[in-house]
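Asks: Residue numbers (numbering that gives the first Met the number 0), protein chains in the order written: chain P, 0 to 203; chain Z, 0 to 203.
Everything labelled a hint here was simulated from the structure, so no lab data went into it.
Please note that the accuracy of each hint is not assured.
Given that identical chains are not distinguished, each listed pair holds provided it fits within a single copy or across any two copies.
Here are the computed lysine to any residue pairs in the SDA-like style, where the Cα-Cα straight-line distance is at most 20 Å [to be verified]:
#, residue 1, residue 2
1, LYS90, ARG35
2, LYS17, LEU34
3, LYS167, GLU38
4, LYS90, GLU14
5, LYS17, ASN46
6, LYS24, LYS90
7, LYS17, ILE49
8, LYS90, THR25
9, LYS17, HIS32
10, LYS59, THR169
11, LYS81, LYS102
Here the structure is a predicted model, which is why all the values come from computation and not from measurement.
Here's the letter readout for the chains.
There are 2 protein chains.
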Amino acid sequence: MSEISSILLDNAVNEFSKLPGIGRKTALRMVLHLLRQSEADVSAFSNAMIDLKQGIHYCKVCHNISDSDVCAICADASRDDKTICVVENIKDVMSIENTQQYKGLYHVLGGVISPMNGVGPADLEIASLVERVQQGGIEELIFALSPTMEGDTTCFYISRRLQNTSLKLTVLARGVAVGDELEYADEVTLGRSIVNRMPFDYNK
Amino acid sequence: MSEISSILLDNAVNEFSKLPGIGRKTALRMVLHLLRQSEADVSAFSNAMIDLKQGIHYCKVCHNISDSDVCAICADASRDDKTICVVENIKDVMSIENTQQYKGLYHVLGGVISPMNGVGPADLEIASLVERVQQGGIEELIFALSPTMEGDTTCFYISRRLQNTSLKLTVLARGVAVGDELEYADEVTLGRSIVNRMPFDYNK
């Protein structure tokens, strides 16, 4: 858009269009919106990003995002500290917390093993997970990774590293999504959900 | 999303979700994207917004956005300074510049007359437009406002204020959009395009 008559405006639009899913048209709409706000509001917006980047901590136990050295979940004494849910990233922690079905702790790997993308076990928080388990007190490890080749590889790798422990290893149930029409379920999922069929329970 | 474990993160997400069309999920995706960038990149992003807000000028002639007192369009001697295109906002200037079909000047009203929203003639740059015309040298005024009740009211109001001048007043052609299927054109547009039918030209 060579027709933008201001270098300052053009800069702001360029910065915005670097964000995921934001094209130049949307970026322009955002920037013109900000321009209509007060200077204090624009400062608040900008400073929130700088403060976040400069002030953010990652929990030294589970590597979740945190404002302090240990995150609120790890610091919460009411949670079950015998169970660790292994996830790929902090968004997954939020998703699982949203369900309000899980009261244990987490371990954020920071990715999954993906030779195609040059991500090996050493790039992930796997050593710190093994160490956490070896310190004792953990009874169950739940793998909550994506049901992809990379996710499965990561589960397999971690389970091999932990094979000398008496840890119970579990994985998220896979099957037809709740509320889904059966005819739209893919064959692999449907096939697995038949093989792994569960006893029918009137009360659920 | 009470599950966000960081106040800094929560602040950043809140600020982002104030932008038009951005919900909390999208905001979180944006913020996590920024968090993965270097501190320099985040500063560049934030400073672009602050610099824009603090440094932006509006052209004192046409009220277009500008880095200096007079915008690049008004300062361009190669443009036709006898024609002024009256638009609602700076986005419209960009849209018309994008067509590369117009070589005259602009006048940005900053809105249209809308009693429903409490916008009267005094809230818009109408007085400065009348003054610009009265200084002489302008031969044609093109109304490029939205074909809505408010747009039409604004055209009418401005034309009344200028009725003692010998100015040629024109309005954007209205009709079936280029590339549109006739069956999807609305009745009013189709009706007007029959009434205002144009001579067929082989060369166009």
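Asks: A separate judgement is required for each hint: does it hold in the structure or not?
Replies: Tested hints:
1. LYS90 x ARG35: between (32 Å within a copy, 13 Å between copies)
2. LYS17 x LEU34: The answer is both: 19 Å in one copy and 13 Å across copies each meet 20 Å.
3. LYS167 x GLU38: neither (55 Å within a copy, 41 Å between copies)
4. LYS90 x GLU14: Between copies only: 18 Å across, 24 Å inside.
5. LYS17 x ASN46: both (18 Å within a copy, 15 Å between copies)
6. LYS24 x LYS90: between (28 Å within a copy, 10 Å between copies)
7. LYS17 x ILE49: Answer is both; intra-copy 16 Å and inter-copy 17 Å each pass.
8. LYS90 x THR25: between (24 Å within a copy, 12 Å between copies)
9. LYS17 x HIS32: Answer is both; intra-copy 17 Å and inter-copy 10 Å each pass.
10. LYS59 x THR169: neither (24 Å within a copy, 68 Å between copies)
11. LYS81 x LYS102: Within one copy only: 10 Å inside a chain, 73 Å across chains, cut-off 20 Å.
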